[in-house]
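Asker: Letter by letter, the chains look like this.
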Amino acid sequence: MKIRLLHFASFREAIGRDEESREVAEGTRVSELWSALGGEVPLFRRFPSPPPAAVNREYVPADTVLREGDEVAFLPPVAGG
Amino acid sequence: MYLTASPIDLPALLLESRPSDGALCLFLGVVRNENDGLPTTSIQYEAYGPMAEAEMARIADALARDFPTVRIRMQHRVGLLSVGEASVAIAAVSPHRAEAFAACRAAIDRVKATVPIWKKEFHPDGSSGWVDPTAGTQ
Numbered sequence: 001m002k003i004r005l006l007h008f009a010s011f012r013e014a015i016g017r018d019e020e021s022r023e024v025a026e027g028t029r030v031s032e033l034w035s036a037l038g039g040e041v042p043l044f045r046r047f048p049s050p051p052p053a054a055v056n057r058e059y060v061p062a063d064t065v066l067r068e069g070d071e072v073a074f075l076p077p078v079a080g081g
Numbered sequence: 001m002y003l004t005a006s007p008i009d010l011p012a013l014l015l016e017s018r019p020s021d022g023a024l025c026l027f028l029g030v031v032r033n034e035n036d037g038l039p040t041t042s043i044q045y046e047a048y049g050p051m052a053e054a055e056m057a058r059i060a061d062a063l064a065r066d067f068p069t070v071r072i073r074m075q076h077r078v079g080l081l082s083v084g085e086a087s088v089a090i091a092a093v094s095p096h097r098a099e100a101f102a103a104c105r106a107a108i109d110r111v112k113a114t115v116p117i118w119k120k121e122f123h124p125d126g127s128s129g130w131v132d133p134t135a136g137t138q
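If you read the protein sequences in the order shown, they are chains A and B.
Residue numbering for the first sequence is 1 to 81, as defined by the working numbering.
Residue numbering for the second sequence is 1 to 138, as defined by the working numbering.
Keep in mind the hints are simulated off the structure, nothing from the lab.
Treat the hints with caution; some may be incorrect.
To be verified - Label pairs and their computed distance ranges (CB to CB):
{"#": "1", "chain 1": "B", "residue 1": "F101", "chain 2": "A", "residue 2": "R29", "range": "40 to 48 angstroms"}
{"#": "2", "chain 1": "B", "residue 1": "D109", "chain 2": "A", "residue 2": "S49", "range": "21 to 29 angstroms"}
{"#": "3", "chain 1": "A", "residue 1": "A25", "chain 2": "B", "residue 2": "R18", "range": "28 to 36 angstroms"}
Every value quoted in this text rests on a predicted model; they were computed, and no experiment measured them.
Built from N, CA and C at the ideal position, the CB exists for glycine as well.
Just need the whole structure built from these sequences, with the hints factored in.
Answerer: Shown next, in the form of C-alpha cells:
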C-alpha cells in the first residue's frame with residue numbers, strides 16, 4: 001500500500017526531499033517505518049527511539065499501524081515561539 | 001488561521017473586550033540576538049502548516065476548557081525574521097488579571113511544546129543551525 005511521507009527541517013535536509021510517496025507492507029507500524037528510514041539516513045540511526053510522529057496531522061504512538069493513503073511525518077524536536 | 005507569513009497583526013489579536021472583561025494579557029515572543037552564547041542575525045521559521053494549524057486549534061480548545069472565563073487569540077509567524085521581530089503573539093482577555101496571565105502563560109508553553117514549528121538560526125559568520133530545545137536534556 002502507498003503512504004505519503006513528509007519531511008521537515010533537519011530531517012528534510014538529511015533526507016534531501018520534502019515529501020515522497022512510499023510503498024509499505026500492510027500492517028506496517030510507525031516504528032517500523034522509522035527503522036526502514038534509518039537504513040537510508042545515517043542521522044536517523046542516532047535516535048535511540050523513534051521521534052514524535054504524526055499521522056494525518058495528529059500525534060500518534062509509535063506502535064500505530066499505518067493505512068493506505070496515510071500522511072505520515074516524523075517530527076524533529078519542535079522549536080516554535 | 002494561526003500561522004502567518006506576514007508581520008503579526010496586533011490590532012486583530014487585541015479583540016474587542018466584553019464589558020465584563022477587566023484584563024488583557026499580551027505575550028510577544030521576539031527574535032533575540034543570541035542563543036546559547038552564539039550571536040544570531042535572523043531566524044527562519046518552518047512549519048508543518050496544516051498540522052500546526054490543527055495543533056494550535058486543539059490547544060485553543062483545551063485552553064477554553066481549562067480557562068472558561070478567558071478568550072484567547074494566537075498567531076505564529078513563519079518565514080525569515082530579523083532580530084527584534086515578533087515570532088509569536090498570544091492575547092488573553094478575561095474579567096480578572098489572574099486568569100488572563102495564567103491562560104497566556106499556559107498558551108505559550110503549550111505552543112512551544114507541541115506545535116510542529118522549527119527554527120533555523122543564522123549567525124554573523126554565515127553559518128546556521130536548527131534549534132533543538134531537547135539538546136543536552138536527553
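Asker: It remains to establish, for every hint, whether it holds in the given structure.
Answerer: Here is how each hint holds up against the structure:
{"no.": "1", "hint": "B:F101 to A:R29: 40 to 48 angstroms", "result": "42 angstroms, holds"}
{"no.": "2", "hint": "B:D109 to A:S49: 21 to 29 angstroms", "result": "24 angstroms, holds"}
{"no.": "3", "hint": "A:A25 to B:R18: 28 to 36 angstroms", "result": "55 angstroms, violated"}
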